[in-house]
Amino acid sequence: MSIDKETVRKVAKLARIAEPEQRLEPLAKELSGILGWIEQLNEVDIEGVEAMASAVDVKLPMREDVLQDGPTGGGQPENVVANAPKTEDHFFVVPKVVE
Amino acid sequence: MTNPADLTLAQLRDALKAKDVSSLEATDAYLTRIEKAKALNAYVTVTADKARDMAKASDAKLAKGEGGPIEGVPLGIKDLFCTEDVLTTAGSHILDGFKPRYESTVTSQLWRDGGVMLGKLNMDEFAMGSSNETSFYGNVVNPWRREDGGNTDLTPGGSSGGSSASVAARLCAAATATDTGGSIRQPASLTNTVGVKPTYGRVSRWGVVAFASSLDQAGPIAQDVRDAAIMLKSMAGHDPKDSTSVDRPVPDYEAVLGQSLKGLKIGVPKEYRVDGMPDEIEKLWAQGIEWMKDAGCEIVDISLPMTKYALPVYYIVAPAEASSNLARYDGVKYGLRAKEYTDITSMYEETRAEGFGDEVKRRILIGTYVLSAGYYDAYYLRAQKVRKRIFDEFTDAFSKVDLILTPSAPSAAFGLGEKTNDPVQMYLNDVFTVTANLAGLPGASVPAGYDRQGLPLGLQLLAKPFDEETMFKGLFALEQAAGANKRPNEWWA
Chain Z
1 MSIDKETVRK VAKLARIAEP EQRLEPLAKE LSGILGWIEQ LNEVDIEGVE
51 AMASAVDVKL PMREDVLQDG PTGGGQPENV VANAPKTEDH FFVVPKVVE
Chain B
100 MTNPADLTLA QLRDALKAKD VSSLEATDAY LTRIEKAKAL NAYVTVTADK
150 ARDMAKASDA KLAKGEGGPI EGVPLGIKDL FCTEDVLTTA GSHILDGFKP
200 RYESTVTSQL WRDGGVMLGK LNMDEFAMGS SNETSFYGNV VNPWRREDGG
250 NTDLTPGGSS GGSSASVAAR LCAAATATDT GGSIRQPASL TNTVGVKPTY
300 GRVSRWGVVA FASSLDQAGP IAQDVRDAAI MLKSMAGHDP KDSTSVDRPV
350 PDYEAVLGQS LKGLKIGVPK EYRVDGMPDE IEKLWAQGIE WMKDAGCEIV
400 DISLPMTKYA LPVYYIVAPA EASSNLARYD GVKYGLRAKE YTDITSMYEE
450 TRAEGFGDEV KRRILIGTYV LSAGYYDAYY LRAQKVRKRI FDEFTDAFSK
500 VDLILTPSAP SAAFGLGEKT NDPVQMYLND VFTVTANLAG LPGASVPAGY
550 DRQGLPLGLQ LLAKPFDEET MFKGLFALEQ AAGANKRPNE WWA
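Protein sequences appear in the order of chains Z and B.
Per our numbering: the first sequence = residues 1 to 99.
Per our numbering: the second sequence = residues 100 to 592.
Pulled out of the complex, with its shape left as it was, chain Z reads as follows (with noise of 0.2 Å):
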């Protein structure tokens, strides 16, 4: 399937992406090529086939509701918002975003 400008518009906006005007055509191309190369898969036969997500047999392991130790744990603000290029008073400060 190819894939043409405006739909490259509507998944770079999906994916918080901008994309300038003149970058779309290319993209259209590119995406369109990969995609074609891609096709192929619909000549395997995968009636009744189930999906396979993860390539390990096990369930996915519960632990003991509490605090834990160390960098998974909790009370450690300043360690969360470290990294934040803005903050104040271990909040993330973003632009407004409720009128």
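Everything labelled a hint here was simulated from the structure, so no lab data went into it.
From a predicted model like this one, the values you see are computed outputs, not experimental measurements.
Misleading hints may appear alongside valid ones.
[Claimed, not checked] In silico PhoX-like cross-links for lysine-lysine, where the CA-CA straight-line distance does not exceed 20 Å:
| id | chain 1 | residue 1 | chain 2 | residue 2 |
| --- | --- | --- | --- | --- |
| 1 | B | Lys155 | B | Lys116 |
| 2 | Z | Lys96 | Z | Lys86 |
| 3 | Z | Lys96 | B | Lys438 |
| 4 | B | Lys518 | Z | Lys29 |
| 5 | Z | Lys59 | B | Lys487 |
For this one, chain Z is given, so just place chain B on it according to the hints.
Chain B alone, transformed into the frame defined by chain Z:
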């Protein structure tokens, strides 16, 4: 006295234990080499002070006759592993200034066992690439050159190009790497190094920047098979912080090296050939089959007809998972935030446009498309089903054989810039490696010979899930038979 940076990891480990050399001497020898090898661009960050501090601490332990299995050994770390308070970039602009407040499980285990960190190794951006040309920090150059006097800069492979180049040039005793579609094995094949991708679940992914979570697996790139075995033992093991990490004891991989292969069945899949593959690779593969026969193995012809569909499946599954994993880079929690924006949506869009390179954007767009309403069943669900067929095919093959022998890559190292115009041509580099990721199998590349230009070529062994021991036995036998232990001329020093 020999330069400690010329020893293998195993030799250095033994020399350190025998106090023939100190960790500080070895560390300084590597730091001197790294300084002279800037032309290779293998390191993004050199942590010289930290390395010397860790080396001194190791020397203090060694002086008391204490220390872990790799006490005092200087290592390079792919810049995909989070290292506490040390810049971690994943080869991307979008992680500018990111200094994790925690240490990945793999690196913390290496430090637990005595490893010394020399620095962080260059790589394709978010591990997306097969030539190390997508890194924000520039191309890595392969220490190997063609013997035609042309001095063309060649790729060290990707995405672990900094890892393969630094091990080949002896800029570290061994390196960590990761493999989502071939990113350990293809670079190893192109640089005359050993690259081991363990079974999915063998090594914790916690603290490794995620690309495609159902395929990503960390492993070592090392100078020889023994060094890779030592590295994997320290890297592997169950980790409750990774829900896909498997709780099984970690064997002593080094202990199996040299054990007899007599009676092992080696599968040779006829589909592991591609158009335009140099006949030298075909010949090397045939030679590998002979070496295995000489070692007492039985050769079994097998068929894996789904092989040709593995890459197309990968280029749906991996971008789909990546588009989800990389949604976290939004200019809020870490790294880059665009300077110019009007509202929160444009902040996301401008940050991601500025922070991601072309290949990463391409894959996020593909992933978003195949997961979007109306296309999910046609692409993503179909790919998951074909993946199951590939998995079943391997399960069936491994009911008849113990190991599978194939070439590692369809070509020797190619020139930087030669394949960047056509994404699909670049993707074909992983044609022999990607199946192991889809099926979750262990796979490894071992140096096996050289092409007519003198460039290294590798052979790959695939094994049953969690049967790395048999794989290591086979790798060691191939390594012994091939004796392909040349080093590149140090043109960069």
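Inset, instruction - With a cut-off of 20 Å on the C-alpha distance, tell me whether Z/Lys96 and B/Lys438 pass. - result: holds, 16 Å
Inset, instruction - Quickly compare the C-alpha distance for B/Lys155 and B/Lys116 to 20 Å and report which way the hint goes. - result: Holds, at about 14 Å.
Legend entry - Pair hint outcome, Z/Lys96 versus Z/Lys86 [Cα-Cα no greater than 20 Å]: holds, 13 Å
Inset, instruction - Could you grab the alpha-carbon distance between B/Lys518 and Z/Lys29 and see if it respects the 20 Å cut-off? - result: holds, 17 Å
Inset, instruction - Please work out if Z/Lys59 and B/Lys487 have their alpha carbons no farther apart than 20 Å. - result: holds, 18 Å
Checked against the numbered hints above, the structure breaks none of them.
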